[in-house]
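Chemist: Here are the chains, one letter per residue:
There are 2 protein chains.
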Amino acid sequence: LKIELAEHYGFCYGVKRAIEIAQQHPNSATFGPIIHNIDEINRLDKEYNVGLVDSVDEALKYDTLIIRTHGITKDNLKKLKKEGKKVINATCPYVTKPQQIVADMSQKGYTIVIFGDKNHPEIKGVASYSEDQDRTYTILTPEELIGKALGTKVAIVAQTTRKPEDFKKIVSFLTTRVVELRVFNTICNATFENQDATASLAKKSDVMIVIGGKNSSNTKQLYLIAKSNCKDSYHIENEDELESKWFKNKEFCGISAGASTPDWIIQKVVKKIEELAK
Amino acid sequence: LKIELAEHYGFCYGVKRAIEIAQQHPNSATFGPIIHNIDEINRLDKEYNVGLVDSVDEALKYDTLIIRTHGITKDNLKKLKKEGKKVINATCPYVTKPQQIVADMSQKGYTIVIFGDKNHPEIKGVASYSEDQDRTYTILTPEELIGKALGTKVAIVAQTTRKPEDFKKIVSFLTTRVVELRVFNTICNATFENQDATASLAKKSDVMIVIGGKNSSNTKQLYLIAKSNCKDSYHIENEDELESKWFKNKEFCGISAGASTPDWIIQKVVKKIEELAK
Numbered sequence: 001l002k003i004e005l006a007e008h009y010g011f012c013y014g015v016k017r018a019i020e021i022a023q024q025h026p027n028s029a030t031f032g033p034i035i036h037n038i039d040e041i042n043r044l045d046k047e048y049n050v051g052l053v054d055s056v057d058e059a060l061k062y063d064t065l066i067i068r069t070h071g072i073t074k075d076n077l078k079k080l081k082k083e084g085k086k087v088i089n090a091t092c093p094y095v096t097k098p099q100q101i102v103a104d105m106s107q108k109g110y111t112i113v114i115f116g117d118k119n120h121p122e123i124k125g126v127a128s129y130s131e132d133q134d135r136t137y138t139i140l141t142p143e144e145l146i147g148k149a150l151g152t153k154v155a156i157v158a159q160t161t162r163k164p165e166d167f168k169k170i171v172s173f174l175t176t177r178v179v180e181l182r183v184f185n186t187i188c189n190a191t192f193e194n195q196d197a198t199a200s201l202a203k204k205s206d207v208m209i210v211i212g213g214k215n216s217s218n219t220k221q222l223y224l225i226a227k228s229n230c231k232d233s234y235h236i237e238n239e240d241e242l243e244s245k246w247f248k249n250k251e252f253c254g255i256s257a258g259a260s261t262p263d264w265i266i267q268k269v270v271k272k273i274e275e276l277a278k
Numbered sequence: 001l002k003i004e005l006a007e008h009y010g011f012c013y014g015v016k017r018a019i020e021i022a023q024q025h026p027n028s029a030t031f032g033p034i035i036h037n038i039d040e041i042n043r044l045d046k047e048y049n050v051g052l053v054d055s056v057d058e059a060l061k062y063d064t065l066i067i068r069t070h071g072i073t074k075d076n077l078k079k080l081k082k083e084g085k086k087v088i089n090a091t092c093p094y095v096t097k098p099q100q101i102v103a104d105m106s107q108k109g110y111t112i113v114i115f116g117d118k119n120h121p122e123i124k125g126v127a128s129y130s131e132d133q134d135r136t137y138t139i140l141t142p143e144e145l146i147g148k149a150l151g152t153k154v155a156i157v158a159q160t161t162r163k164p165e166d167f168k169k170i171v172s173f174l175t176t177r178v179v180e181l182r183v184f185n186t187i188c189n190a191t192f193e194n195q196d197a198t199a200s201l202a203k204k205s206d207v208m209i210v211i212g213g214k215n216s217s218n219t220k221q222l223y224l225i226a227k228s229n230c231k232d233s234y235h236i237e238n239e240d241e242l243e244s245k246w247f248k249n250k251e252f253c254g255i256s257a258g259a260s261t262p263d264w265i266i267q268k269v270v271k272k273i274e275e276l277a278k
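Here the protein sequences line up with chains A and B, keeping their order. If you count by this note's numbering, then the first sequence holds residues 1 to 278, one letter each, in order. If you count by this note's numbering, then the second sequence holds residues 1 to 278, one letter each, in order.
For the record, the hints were derived by calculation from the structure and aren't laboratory data. Treat the numbers as computed from the prediction; the structure is a model and nothing was measured. One or more hints might be untrue.
As the list claims (entries may be wrong) - Here are the simulated BS3-like cross-link-like pairs (lysine-lysine), alpha carbons at most 30 Å apart as the crow flies:
1. A:Lys-153 with B:Lys-16
2. B:Lys-16 with B:Lys-272
3. A:Lys-169 with B:Lys-163
4. B:Lys-168 with A:Lys-168
5. B:Lys-214 with A:Lys-153
6. A:Lys-203 with A:Lys-220
7. A:Lys-168 with B:Lys-118
8. A:Lys-97 with B:Lys-108
9. A:Lys-148 with B:Lys-163
10. B:Lys-74 with A:Lys-169
11. A:Lys-153 with B:Lys-108
12. A:Lys-168 with B:Lys-169
13. A:Lys-124 with A:Lys-163
14. B:Lys-124 with A:Lys-148
15. A:Lys-214 with A:Lys-271
16. B:Lys-169 with A:Lys-169
17. A:Lys-108 with B:Lys-168
18. A:Lys-153 with B:Lys-118
19. B:Lys-148 with A:Lys-97
20. A:Lys-108 with B:Lys-169
21. B:Lys-108 with B:Lys-78
22. B:Lys-153 with A:Lys-108
23. B:Lys-214 with A:Lys-163
24. B:Lys-74 with B:Lys-61
25. A:Lys-148 with B:Lys-153
26. B:Lys-169 with A:Lys-153
27. A:Lys-169 with B:Lys-108
28. A:Lys-97 with B:Lys-169
29. A:Lys-148 with A:Lys-74
30. B:Lys-78 with A:Lys-168
31. A:Lys-118 with B:Lys-82
32. A:Lys-153 with B:Lys-272
33. B:Lys-118 with B:Lys-16
34. A:Lys-108 with A:Lys-163
35. B:Lys-214 with A:Lys-168
36. A:Lys-97 with B:Lys-124
37. A:Lys-168 with B:Lys-108
38. B:Lys-118 with A:Lys-97
39. B:Lys-204 with B:Lys-214
In isolation and in its complexed conformation, chain A is listed as follows:
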């Protein structure tokens, strides 16, 4: 049985980078979960004594705080620094970018439109950088802008994980409603790269394994893409779920993984498949 990993899978650049930073700073804590994967968070705790806090109050117990991939609000960052904490910034550069844009554009008098989920930590952080909160709108659909005071100059950024097609709808809406619109395409390609790589790998596979949380929406999406290109596709969380019959008379096994699946879980799956296929 030939086993091949998708060209892009699992952790994105920003998450890989944040975990490396965490490993370089043992005996610290991350501000908010560094990744949506409890196994990986436990591993960092066990192997590097990197804890997890969810508020400034909890953070005060630590000397060194790691800002997680999604970033935090300007206000919380200020508080941590004011308390004399050592702050290690592991915010994904693709998230730092919209933070800077929002700060700069709001200072220059542009109304700010953020295409994203106002309850998502990334977006809470990005929005917090606006110097004019009354002229900052966080929305998911163009309709939410109807009746809002937009002024003549608007700058728009997007949550990194949003769909470009939905972003375009908001841009279209604004195009004819303001005199100047500054569009900053801050959508990250990582999700789509994983999807595209899964599709092309599934096409040449006769069995396809997709690894990731059963509740992970991006993993479910990868599984659907795999399934539509290879009928014998399976969605598993770890190697224990693998069944030897899946690989009977198969020649080519493709493997992909959701964005929150650490490499060490993927390696265990590969190893187990090799054993089962013997």
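Following the hints, position chain B against chain A.
Modeler: Showing chain B alone in chain A's frame:
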């Protein structure tokens, strides 16, 4: 018979302004036709001795040159000034705006995209203001941008008379292809205001007269809009075409006019209708 003019009709703001400027400067010449209406050009010539030239060479015969509504190229403007000519700028402010944007944005290193007809005088003028002609693309469809070196920063402007829907298509195309897109909506509403006003007037009219050149595309468009809201709609060029039977047993006559139709032609039509309806 009650006669009512559409809320918006005929000359747009920029043309009205340019004609007033021409009238304030007798014994001059306009650089290019000030309007697409030969009757009006002849009237300016006869009443104010305002001639018409089509090139810098011809312009040299005059002391005072009036830059027409569409504007001219930066190069021609420079030549006229260098020859010591008195230059009166009647460029529509809605055209001056994209000229300034193109100059400013190209200087700041943005690739320039102009949505418009590269053979139209307005667009030739606007494009001439770019400081980097190799990074200036004048296009009518998004497809024309495929394979072009866009760079990371693009600024886009539109010809004043283009349709917003078509502009949005190009904006959508660029949104996901560059890091920053500056959208300047330089489309003028005048055309759409005339259309909307014609539609709402036609709805309450039992006879509708649309005045304008038989070859004028914007007048033909107005006529179609009138016709679809009032079955007894007529497209005429001047009062000689009016027929008394059109107004028999009618109570409400709506009048609209294309963008190149001068007021004095419209007034003659109104007067003639009043006579016919007696």
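Chemist: Against the 30 Å threshold, does the CA-CA distance of Lys-108 (chain A) and Lys-168 (chain B) hold or violate the hint?
Modeler: holds (25 Å)
Chemist: Within a Cα-Cα threshold of 30 Å, do Lys-214 (chain A) and Lys-271 (chain A) meet the stated pairing?
Modeler: holds (21 Å)
Chemist: Assess, step by step, whether the Cα of Lys-108 (chain A) is no farther than 30 Å from the Cα of Lys-163 (chain A), and give holds or violated.
Modeler: holds (28 Å)
Chemist: Decide if the proposed pair is consistent with the structure: Lys-168 (chain A) and Lys-108 (chain B), CA atoms, cutoff 30 Å inclusive.
Modeler: holds (25 Å)
Chemist: Need the status of pair Lys-169 (chain A), Lys-163 (chain B): alpha-carbon distance at most 30 Å?
Modeler: holds (17 Å)
Chemist: Does Lys-163 (chain A) lie within 30 Å of Lys-214 (chain B) when you go C-alpha to C-alpha?
Modeler: violated (47 Å)
Chemist: For a C-alpha distance cap of 30 Å, please report whether Lys-214 (chain B) and Lys-153 (chain A) respect it.
Modeler: violated (40 Å)
Chemist: Do the alpha carbons of Lys-124 (chain A) and Lys-163 (chain A) lie within 30 Å of each other, as the hint requires?
Modeler: At roughly 19 Å apart (the allowed maximum being 30 Å), Lys-163 (chain A) and Lys-124 (chain A) satisfy the hint.
Chemist: With the threshold set at 30 Å, check whether the alpha-carbon distance from Lys-118 (chain A) to Lys-82 (chain B) stays at or below it.
Modeler: Distance of about 58 Å is beyond 30 Å: violated.
Chemist: Tell me if the straight-line CA distance from Lys-148 (chain A) to Lys-163 (chain B) falls inside 30 Å.
Modeler: holds (24 Å)
Chemist: Does the alpha-carbon distance linking Lys-74 (chain B) and Lys-169 (chain A) stay inside the 30 Å limit?
Modeler: Between Lys-74 (chain B) and Lys-169 (chain A) the Cα gap is close to 36 Å, so the pair fails against 30 Å, i.e. violated.
Chemist: When you check the alpha-carbon spacing of Lys-124 (chain B) and Lys-148 (chain A), does it fall within 30 Å?
Modeler: Distance of about 37 Å is beyond 30 Å: violated.
The structure shown violates the earlier hints numbered 5, 10, 14, 23, 30, 31, 32, 35, 36, 38.
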